[in-house]
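J.: Each chain, letter by letter, is given below.
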Amino acid sequence: MEFFQRTLDGLLEAGPYALVGLGLTLGFGMLRRVNLAYGAGAMLGAYTGSWLHVRMDWPIWAVLPAVIVTTALTGLYVQWLCFGETDRTSGSVQRASPAVSGADAREVVALAASFAVWMQLEQLCVNWIPQHLKRFPDVAATQEWTFGPLGLRPDRLLLSAIAIGLVLAVHHWMQHSRTGLAMRATAVHPLAADLSGMPVAKVQRWGFVLACGLSGVAACGVLALEGQVTPMFGMWMLMKGLTVAMIGGLGSVRGVLFGAICLGVLEAHAQAAWGAIGRDAAAWGLLLLALLIRQRSSATSTTGSVYA
Amino acid sequence: MLEIRELACAYGKIEALRDVSLSARAGDVTCLLGPNGAGKTTLMMTLAGILQPTRGTITFEGESLLGLSPAQIVDRGLALVPENRLVFPALSVRENLMAGAYRRKDRAAIAGDIEQQLDRFPRLRERIDQLAGTLSGGEQQMLALARALMSRPRLLLMDEPSVGLAPKVVAEIFGIVRQLHAQGISIFLVEQNVHMALKVAQHFFLLQQGRVTFSGTPGELAADDVIHRAYLAGSERKPESDTANV
Amino acid sequence: MRDALCVSEPGVGLVIQMMVLSMIALSAWLVLRVGRISLGQQAYFGIGGYAAALLTTLGQWPLELALLAASLMGMGSAVLLSWPLLRLPGLHFAVATLALAELVRLGLSGLHFQVPGPQGVPLGPDGVDGFRDIRWLFDHGVSQVDYMLWAGAALALSVLGLMLLSRTRLGLSLLAVGHDETLAESQGLPVNQLRMLAIALAGGLAALAGGLYAHQQTYLEPALFDPMLGIHAVGYSMLGGLATPLGPLLGAMFDLGLLEATRWFEGWRMVLFGTLVAAFLRWRPRGLLDEHTIYHLGRFRPHFSTTLKDSQ
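Quick mapping for you: the protein sequence lines, in order, are chains B, F and G. Going by our numbering, the first sequence runs without a break in its numbering and finishes at 308. Going by our numbering, the second sequence runs without a break in its numbering and finishes at 554. Going by our numbering, the third sequence runs without a break in its numbering and finishes at 866.
Hints should not be assumed to be uniformly reliable.
To be verified - With beta-carbon atoms standing in for the labels, derived distance ranges: (1) G/Glu739 with F/Asp437: 37 to 43 Å; (2) F/Gly345 with B/Lys202: 33 to 39 Å; (3) F/Gln517 with G/Thr736: 27 to 33 Å; (4) B/Phe3 with G/Val696: 55 to 61 Å; (5) F/Ile322 with G/Val633: 42 to 48 Å; (6) B/Trp173 with F/Asp533: 57 to 63 Å; (7) B/Asp57 with F/Gly420: 55 to 61 Å.
Rather than coming from a laboratory, the hints here were simulated on the basis of the structure. Glycine residues also receive a C-beta, built at the ideal position from the N, C-alpha and C atoms.
Whenever a hint applies, use it, and build me the whole structure from the sequences.
T.: Shown next as structure tokens:
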């Protein structure tokens, strides 16, 4: 019975994990870049929310949009500084790969630039609010629902439902709207998209900003249930986001659901068996496994398509 | 309809086009011939707005195309069927067609146009929901052509549509080119396959090392040994049959 | 997450820290030279530090031997851990090194192995609290200045060794792999093995750095080898320049020396440093001392063709 309870807990964790992974995978799908500043951007948004809540007494319905706007703006900054090189020119004119070699050289260099931004944002946050614990508007449930021997928290259930709904909604939008088509086309083949008249640079930029805004949504969801922000939040977002996105396939929107479930359930069991360290180790181990298994399929499709 | 004067285009320090002057008449199929490396694709990419020229002018129906973005060029009525097709491999055939119609404001008519393209290319209709990456070379070429047509261009630019395709498929493609011409669409065609081009084009230009070295009708082209000189690069041998693949 | 190793002490302590940081930067540089980004060199730093400390405290080994053994351990673990990663494309490789390093850190966080020490104080790694009382330097009366000269010698030897290596055919092969692996492979170079070699050497260097640091600070804790350390190491190389082993040294000296020590940029060091790295990646991707600059400085005359002048 413990097993089922843990699995249930893990499944409920999958909801927020899916949200966290959604932004990262979409960002990769749009721009073929793994944004290492993903967590730091979300943290900046979270700190903003906390500050507005604590210092300016903003209510929760004002704080949450502020968080999302902050993360979206951070995305704009990251895109400008690190990912500005959109390679839309004809394939026959190849610029020499700058720092690293290989088929995905540009992706790797952009990754490097994003960790530089990670550094920046991390320090900015620490300078701004040095205390360890910062309060965040809290909507956690106080009671647990029970179904026979199993218990679950209704707030987590609601968040999971919202997460699944949002993921599916984003997927639907990507598949059926004109803008979604432009985003997918630009991700698959920027040059062909250019020739079809799509505004490639704009689509890439705003698609990425959208992805970062989604990280703000994820942050809101997670923190509203926690009631506080810690300096570890950035790394946490990045790690979970990377794992979920990698398992589901970088760029796959629906894949984050699969990845989130894997991660959530695994962590729940690992924590029960080996404590907090075991849980984190299991998560990193899962990411490693996902990388090793996925490498063959992803190597051919590092064109960063956003797909089902 | 299309006037290009003294166009020059460079990749960094490498001049791909030096001094290109040519014109295409409305309603005609105009063909640009030239060996590899002559600059044909560069010219097409410049016309499509992907590359910016360093010198010269491009005028379409009296208006300059210089400095316009690819999207604006599509708005003006030009569409490119690029070399190597460049379909969206992870999108379905239908989505590829819809992508071609991206700039169109009359959304309602797009569905009708898709039907029209599917009528024209029945093989695409069979594969309408298939991913474009799984199509054969010839089918991808048709898809690229249909996609370009979705924007209802007045001038269709085609960059080497026959490359890499089997002769039967090439014949099909050129049959469609003839059809389009009959329907009043002007076409600016870049080709290496002289044989097929002679069958459809009304006027020929020859591009060599970034310059236009010949301009004339099919008859003049067939009579002149300029092709042999261009493609066989000053070889002393007696030229082989003019259907030899160059 | 903390600020790399910037617990800066004035004078000699700072210089030693600069050397340690330079060494980790060198190890990241080595991996960059073969065309991969490793965000996980901090793992070998930790492994080396713990290994050396264990040998000197519990095993009573002399420092030199302990450091040597630690380097070998670093090399060995680098080979072991990186072997499955070799076939990953660059992006996956970078993320995988991050994951691995965190796994190592978590592993060391769970390591409890204590024995009672001579003064009744327990010795040995104690999980999250780390490894304390690494007192070899004090027990043997080695002054900070002596240690600095010592560490400096180790660093200088490493740099010299790498410079000499880059002149040999092996060094050129490594460089070829770094610039264009497809081309290198088509010319018959064993790309994977060459990469492995570079990664092993890098692991050894990082481990040496860890050992040196552990003995200077007299304690070591897992929180020290977090991703920021590895990221700084890569950042130093990218800033200082990829063309020469002096590049990462320049980067490390710039960061610790100018930014931290002068206190001009109190509390804004990482912001500035991050800005510089990002800017360089965009506009000068091979760092300050890039191939172009080195060629013109005339100190190193590469014998291969000028195809190294990457157009920017």
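J.: If a hint holds in the structure, say so; if it doesn't, say that too.
T.: Checked hints:
no.: 1; hint: G/Glu739 with F/Asp437: 37 to 43 Å; in the structure: 39 Å, holds
no.: 2; hint: F/Gly345 with B/Lys202: 33 to 39 Å; in the structure: 34 Å, holds
no.: 3; hint: F/Gln517 with G/Thr736: 27 to 33 Å; in the structure: 30 Å, holds
no.: 4; hint: B/Phe3 with G/Val696: 55 to 61 Å; in the structure: 56 Å, holds
no.: 5; hint: F/Ile322 with G/Val633: 42 to 48 Å; in the structure: 44 Å, holds
no.: 6; hint: B/Trp173 with F/Asp533: 57 to 63 Å; in the structure: 60 Å, holds
no.: 7; hint: B/Asp57 with F/Gly420: 55 to 61 Å; in the structure: 57 Å, holds
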